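Colleague: Listed below, chain by chain, are the residues.
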Amino acid sequence: MEDGIVLTMRGISISFPGVKALNNVDFTLRKGEIHALMGENGAGKSTLIKVLTGVYEKDAGSICIEGCPGEAHIHSPQQAQNIGISTVYQEITLCPNLTVAENLFIGRTGGSVVHWKEYEKRATEILENLGIPARAKQELSRCSLAVQQMVAIARAVDMNCKVLILDEPTSSLDDKEVAMLFRLMRDLKARGVGIIFVTHFLEQVYEVSDRITVLRNGELVGEYPVSQLPQVELVAKMMGKSLDDLAELERIGQKSAASEETVYEAEDLSSSECRPFDFSIRRGEVNGFTGLLGSGRSESVRAIFGADQVTGGQIRMNGKSVRISKPHDAIRNGIGYLPENRRRDGIIADLSVRENIILALQVIRGMNHPISRADAEAFADEYIEALQIKTASKETPIRSLSGGNQQKVILARWLLTHPQYLILDEPTRGIDVGTKLEIQKLVLKLAEEGMSITFISSEIEEMLRTCSRLIVMRDRKIVGELTGDDLTQAQVMKTIAGGEQAE
Amino acid sequence: MTRKVITLLIALAMVFALAACGQQAAAPAASGSADSGLIKVGIINLDPSESGYREANVKNLTDTFTKENGYDATFVTAPTADKQLEAAKGFITAQVKYILVSAAETTGWDEVLKEAKEAGIKVFLFDRMIDCDPSLYTAAVVSDMRQEGETAVAWLESLNLSEYNILHIKGQLGSAAQIGRSDPLTEKCAADAKWTIVREGTGGDSWDPNEARKIAEAAINAGETFNIVYAENDGMAGGVVEALDAAGITHGVNGDVIVMGFDCNKWALRELLAGNWNYDGQCSPFQAAVIDEMIKTLEAGGAIEGLNELNQIISVEKGFDATKITQEDIDTYGLGE
Amino acid sequence: MKQNRKTSSGLGQLLIPLVALGILIVFNIFRDISFFSIGMRVNNAGNIVLTGNLISIIDSASELAIIAMGMTLVTAACGGQDISVGAVGAIAGAVFVKVLQGMGAITIGSVILAFVLCCLATIVFKLFNGTLVAVFKIQPMIATLILYSCARSIAYWINGDATPQLKSSIISSIGKTIPGIPVPTPIFAVILVGLLLFLIFKFTSLRLYIQSVGINQGAARLNGMNPIMIKLICFILLGVCVSVASLIGVCRLGQLNHKTLLVDIEMDAILAVAIGGNSLGGGRFKLSGSILGAYIIQMLTTTLYAMNVAPVNVKAYKAIVIIIIVVAGSPVVKNKLTALWKRLRPVPVPEGAEKEG
Numbered sequence: 001m002e003d004g005i006v007l008t009m010r011g012i013s014i015s016f017p018g019v020k021a022l023n024n025v026d027f028t029l030r031k032g033e034i035h036a037l038m039g040e041n042g043a044g045k046s047t048l049i050k051v052l053t054g055v056y057e058k059d060a061g062s063i064c065i066e067g068c069p070g071e072a073h074i075h076s077p078q079q080a081q082n083i084g085i086s087t088v089y090q091e092i093t094l095c096p097n098l099t100v101a102e103n104l105f106i107g108r109t110g111g112s113v114v115h116w117k118e119y120e121k122r123a124t125e126i127l128e129n130l131g132i133p134a135r136a137k138q139e140l141s142r143c144s145l146a147v148q149q150m151v152a153i154a155r156a157v158d159m160n161c162k163v164l165i166l167d168e169p170t171s172s173l174d175d176k177e178v179a180m181l182f183r184l185m186r187d188l189k190a191r192g193v194g195i196i197f198v199t200h201f202l203e204q205v206y207e208v209s210d211r212i213t214v215l216r217n218g219e220l221v222g223e224y225p226v227s228q229l230p231q232v233e234l235v236a237k238m239m240g241k242s243l244d245d246l247a248e249l250e251r252i253g254q255k256s257a258a259s260e261e262t263v264y265e266a267e268d269l270s271s272s273e274c275r276p277f278d279f280s281i282r283r284g285e286v287n288g289f290t291g292l293l294g295s296g297r298s299e300s301v302r303a304i305f306g307a308d309q310v311t312g313g314q315i316r317m318n319g320k321s322v323r324i325s326k327p328h329d330a331i332r333n334g335i336g337y338l339p340e341n342r343r344r345d346g347i348i349a350d351l352s353v354r355e356n357i358i359l360a361l362q363v364i365r366g367m368n369h370p371i372s373r374a375d376a377e378a379f380a381d382e383y384i385e386a387l388q389i390k391t392a393s394k395e396t397p398i399r400s401l402s403g404g405n406q407q408k409v410i411l412a413r414w415l416l417t418h419p420q421y422l423i424l425d426e427p428t429r430g431i432d433v434g435t436k437l438e439i440q441k442l443v444l445k446l447a448e449e450g451m452s453i454t455f456i457s458s459e460i461e462e463m464l465r466t467c468s469r470l471i472v473m474r475d476r477k478i479v480g481e482l483t484g485d486d487l488t489q490a491q492v493m494k495t496i497a498g499g500e501q502a503e
Numbered sequence: 001m002t003r004k005v006i007t008l009l010i011a012l013a014m015v016f017a018l019a020a021c022g023q024q025a026a027a028p029a030a031s032g033s034a035d036s037g038l039i040k041v042g043i044i045n046l047d048p049s050e051s052g053y054r055e056a057n058v059k060n061l062t063d064t065f066t067k068e069n070g071y072d073a074t075f076v077t078a079p080t081a082d083k084q085l086e087a088a089k090g091f092i093t094a095q096v097k098y099i100l101v102s103a104a105e106t107t108g109w110d111e112v113l114k115e116a117k118e119a120g121i122k123v124f125l126f127d128r129m130i131d132c133d134p135s136l137y138t139a140a141v142v143s144d145m146r147q148e149g150e151t152a153v154a155w156l157e158s159l160n161l162s163e164y165n166i167l168h169i170k171g172q173l174g175s176a177a178q179i180g181r182s183d184p185l186t187e188k189c190a191a192d193a194k195w196t197i198v199r200e201g202t203g204g205d206s207w208d209p210n211e212a213r214k215i216a217e218a219a220i221n222a223g224e225t226f227n228i229v230y231a232e233n234d235g236m237a238g239g240v241v242e243a244l245d246a247a248g249i250t251h252g253v254n255g256d257v258i259v260m261g262f263d264c265n266k267w268a269l270r271e272l273l274a275g276n277w278n279y280d281g282q283c284s285p286f287q288a289a290v291i292d293e294m295i296k297t298l299e300a301g302g303a304i305e306g307l308n309e310l311n312q313i314i315s316v317e318k319g320f321d322a323t324k325i326t327q328e329d330i331d332t333y334g335l336g337e
Numbered sequence: 001m002k003q004n005r006k007t008s009s010g011l012g013q014l015l016i017p018l019v020a021l022g023i024l025i026v027f028n029i030f031r032d033i034s035f036f037s038i039g040m041r042v043n044n045a046g047n048i049v050l051t052g053n054l055i056s057i058i059d060s061a062s063e064l065a066i067i068a069m070g071m072t073l074v075t076a077a078c079g080g081q082d083i084s085v086g087a088v089g090a091i092a093g094a095v096f097v098k099v100l101q102g103m104g105a106i107t108i109g110s111v112i113l114a115f116v117l118c119c120l121a122t123i124v125f126k127l128f129n130g131t132l133v134a135v136f137k138i139q140p141m142i143a144t145l146i147l148y149s150c151a152r153s154i155a156y157w158i159n160g161d162a163t164p165q166l167k168s169s170i171i172s173s174i175g176k177t178i179p180g181i182p183v184p185t186p187i188f189a190v191i192l193v194g195l196l197l198f199l200i201f202k203f204t205s206l207r208l209y210i211q212s213v214g215i216n217q218g219a220a221r222l223n224g225m226n227p228i229m230i231k232l233i234c235f236i237l238l239g240v241c242v243s244v245a246s247l248i249g250v251c252r253l254g255q256l257n258h259k260t261l262l263v264d265i266e267m268d269a270i271l272a273v274a275i276g277g278n279s280l281g282g283g284r285f286k287l288s289g290s291i292l293g294a295y296i297i298q299m300l301t302t303t304l305y306a307m308n309v310a311p312v313n314v315k316a317y318k319a320i321v322i323i324i325i326v327v328a329g330s331p332v333v334k335n336k337l338t339a340l341w342k343r344l345r346p347v348p349v350p351e352g353a354e355k356e357g
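Sequence lines, in order, name chains F, X and R. Here the first sequence is numbered in our numbering, starting from 1 and rising by one per residue. Here the second sequence is numbered in our numbering, starting from 1 and rising by one per residue. Here the third sequence is numbered in our numbering, starting from 1 and rising by one per residue.
Treat the hints as calculated values from the structure; they're not laboratory data. Note that the structure is predicted; figures quoted are calculated from it, not measured. Note that beta-carbon positions come from the ideal geometry of N, C-alpha and C, so glycine has one too. A few of these clues could be false.
Claimed, not checked - Derived DSS-like pairs (lysine-lysine); straight-line CA-CA distance at most 30 Å: (1) K83(X) - K259(R); (2) K167(R) - K266(X); (3) K20(F) - K167(R); (4) K494(F) - K176(F).
Said to hold, decoys possible - Per label pair, the in silico range of CB-to-CB distance: (5) V322(F) - L113(R): 43 to 53 Å; (6) V19(R) - R365(F): 51 to 61 Å; (7) K315(R) - R332(F): 31 to 41 Å; (8) D82(X) - I191(R): 49 to 59 Å; (9) I29(R) - I106(F): 49 to 59 Å.
To be verified - If the Cβ cut is set under 10 Å, some of the chain X residues that face chain R in the computed set are: (10) G203; (11) D205; (12) P209; (13) K214; (14) E217; (15) A222; (16) A243; (17) K266; (18) A303; (19) Y333; (20) G336.
Please construct the entire structure, taking both the sequences and the accompanying hints into account.
Modeller: So, in structure tokens, the structure goes:
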């Protein structure tokens, strides 16, 4: 094996019933390198990683790893771990109710007698060594998500891993936490660990990676040093489109003009999770709530939808006073809500795409008026077509779809109810660039047709492109409202910061 | 939160259960006075909901030890050993003259029985034995399960059939009643070539009639021919009869198959009277009269006779024959309603 | 990870129980083909009835099949089981008999009234369970443990230890056969309950609601469903199933014994649900699977009885066969079989495609 290379994958192919998931893909990871693996949903990133970690058996190709003479045969994640390949997933896979030290060493203490005192000491060393802000005896669930992730990484590193795979590690972290994680990644890189970094956040790729491998439709597009691949080109390679197509990204900045009619109006609305606030939206308007993670933007829209326990306030829809205390009330009044946490609150994992699509409409019609199978299939076909949902069939369980396509199904669910007012909380999180663009375009199109939409995103640019009004929140309070020329990144930042401090 | 609610509910359930027990297990306070001329007795029994047998047993005692009969009796029914022991101590404190016990557990009584003996209280055991020195109790009036089986087998033998092809439905495997009722039959079958057990099965721990029915159905469907059903309790005999009925096999006095049950429930004895069944073996819960007689003898200054080396009196268990049973028998010996 | 949670839809879920049933049938064909013979006989009441092991199996499994259906619904919505079905069944029987006795004569009218009242009583007890599970969010096993341990005592309070007898042609028509119809009535009861549920699922969207609540309660709520209501509905339906099963149980023997009525049926019902390929953790369900499971259990029992296995061994043999069926239906074995299938069939089939990005 060439010097300085920890991992080579050559000619990897694998197919699932009906789908060629990977076709002759090569991948090379060098020592002390952060290597971003990029591609749209369904490009084959996860599949490649699952082949590497032994979750899937490849149909063809070879894998070689430093220190392992000849080809490495990996048949289970356990085997992968033994030869130095560790994975840290987006969802934490540790035990939340054990301590940090226990989580670091559990399952690899060897022997039946365990000297936890000693392990606590070693844990403290490891944590200090890697600069992780946690104590050994602290219960893991009491640490922030970022720290939990870092503990998972520390565990992997302590197990002498040569290849560390980070699968979407940043998607539920805020900026500060991301910075902390990146510090750790750079530190590990300096120690010679090869890191495979899978993410949807382009900026993060450029901030931390050395090299990028792009996949598209299960095929290798190419491997590039970061310095030689400008962001626009990366996007173009991922989407397989030319740069001209991307100009559209800018063009959709044309926002439609909202009418004067107020569709939804809340006064002193409060819930168990948020303080009283006033809010209104006009027909055809797209507005957004922005603020740092934890500023209360999600809690506010949850209050509007009745998702949390509503504790007070007056609500008028189209001028008429209504009562919305639970999601059912909201839905009956023509409000739709795409939740922030798709996996937890959005999809019904084991149900088919068809069932997931008709769910909300069925609830509006009531239990005693079932949607006929034929109608349901027609609806499903219509929206699979309209939103370009990539699924093997409408009877496929939604859980086997990629994240972006799951999101489209949830979106279809709400569009099918023809809401007057649609709340989209992070509709583009964890979704590839192409789909993001589609969703943004769709939002503007719907608004043009008269739907009122609240759009929340962590990516301010995205909101600036779509929203005509931004409500800025800090510490669970509305601190400002921006419209027109004030809709610039700088102004948003300033309002969030409140002119004084950054938090 | 959830945990709190569970705790609360369990606590509530326990209070509920205790209250239920309490209805019967009222504190054995000594009521009545010694100078009224009544004999003070304390009676400790098991819970009547345990079985039909128990209910009849409790009723038999309460009907016998009445004021009219010259007794000042306090009754405690408790399902567990600790509650029974507590009750016994209460009786000693209350200075009753006689204590009658059907023990939930066979061990753990020595101390209390010694205490009673020192206090000059005479103890009678009924229905169930206790593992202790026989000197600690005056007499034990108990059933002999094996005798029940022997009586049944002897009855069957007296029919002088040319062939004995038996469907044997056992009770809860390993229970005293099952062993006592099974052994004489299996021994007879081993000894006599005319006697064959063509099929055997069990109603399981709950003596389930439905299971007995299924076993009989399977035997009939398999083409087995049998002329005797030996079921170790009435319920299971009833289950087998359902299978016979469904298959159009006649049974009872003039039928093809002889049906035998045990326990002498009233409903079963009525089946005998109607000629649908042939035999029902008693497991007598009626020990009160014997004890009553013994106490009266002692009170009159006499001595109890007829005890064996363990101070036992074995109740004589009847076996009822459908051709001889009368309505009077049913009223006297039948259990339940 | 995700692969382990893969459960096949459609016929796939029924594959294992169908194979199990097939093996039992083949086994019996080779053991003794006469096992399957069906005949006609005149029973002691003078009616022509069908007899044979197959009739025995389908007839005897009726109570289990009915309760398994109800259990499937509660399992699907709550992700747990109601272990008090047998004990509450004893109450149902006690109420039924008490009401009938109270009214004196046994007529069709009085039987219907008694059954309706017994249904109501059962539903009340099931709603007690349902409230603990749905409102107080107590684990179903714990919540139903309360009635599991005390319901038979309640049945005793209602009826005493009387072992009341019900002698009437109406009662035997319900529990055995209707004069002129050679098929045992309990079989019709299974069909009736099955049909009732089928119609409910056809004319309402309850199935979708139950599955949604069972899979992801939070998401179901955000889509405007009321998880508490759905769970309570499942418990009510289970109550109806228990009442019907109890009615059959009482009428079959023409007597009520609170200690043995539907005894131990809860465990068999849970087993039937599991053998039918339904997840005991809730979510997607197939009633047909549970019914099939019930018949498999009964067929196994009857086979063992027909083979004249010694009573002490019956339970052990039953356990061995059931362990094999349950393990064969487990996700691990299923995935292994799927992988093997894939290897044996190199041609990709466009079904259940899985694509991950």
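Colleague: Now, for every hint given, state plainly whether the structure supports it.
Modeller: These are the hints, each one checked on the structure:
Of the pairs offered as hints, the one joining K83(X) and K259(R) holds, with about 24 Å between alpha carbons and a cut-off of 30 Å not exceeded. Using a Cα cut-off of 30 Å, the hinted pair K167(R) and K266(X) holds, with the two alpha carbons roughly 15 Å apart. Between the alpha carbons of K20(F) and K167(R) the distance comes to roughly 70 Å, so the proposed pair goes past 30 Å and is violated. For the proposed pair K494(F) and K176(F), the alpha carbon gap of about 17 Å is at most 30 Å, so the pair holds.
In this structure, V322(F) and L113(R) meet the distance hint of 43 to 53 Å, their C-beta atoms being roughly 45 Å apart. For the pair V19(R) and R365(F), the supplied restraint of 51 to 61 Å is violated, since their beta-carbon distance comes to about 39 Å. Under the hint 31 to 41 Å, the C-beta atoms of K315(R) and R332(F), about 54 Å apart, miss the expected range. Checked against the hint of 49 to 59 Å, the C-beta distance between D82(X) and I191(R) comes to roughly 51 Å, which is consistent with it.
With their beta carbons about 52 Å apart, I29(R) and I106(F) fall inside the hinted range of 49 to 59 Å. Among the interface hints, the one on G203(X) holds; its C-beta lies about 8 Å from the nearest C-beta in chain R, closer than the 10 Å criterion. Hint on D205(X) holds. Least Cβ distance to chain R is approximately 8 Å, under the 10 Å limit. Nearest Cβ of chain R to the Cβ of P209(X): about 6 Å, under the 10 Å cut. The hint holds.
Taking 10 Å as the C-beta cut-off, the interface hint given for K214(X) holds, the closest approach to chain R being about 5 Å. Interface hint at E217(X): satisfied, since its Cβ lies 5 Å from the closest Cβ of chain R, which is below the 10 Å cut-off. Among the interface hints, the one on A222(X) holds; its C-beta lies about 5 Å from the nearest C-beta in chain R, closer than the 10 Å criterion. Contact between A243(X) and chain R, as hinted, is supported at the beta carbon level, the nearest pair being about 9 Å apart and thus within 10 Å.
Contact between K266(X) and chain R, as hinted, is supported at the beta carbon level, the nearest pair being about 8 Å apart and thus within 10 Å. Interface hint at A303(X): violated, since its Cβ lies 38 Å from the closest Cβ of chain R, which is beyond the 10 Å cut-off. Here the hint on Y333(X) is broken, as its CB sits about 15 Å from the closest CB of chain R, past 10 Å. Because the closest C-beta pair between G336(X) and chain R is about 5 Å apart, less than 10 Å, the hint holds.
Going through the hint list in order, the structure does not satisfy hints 3, 6, 7, 18 and 19.
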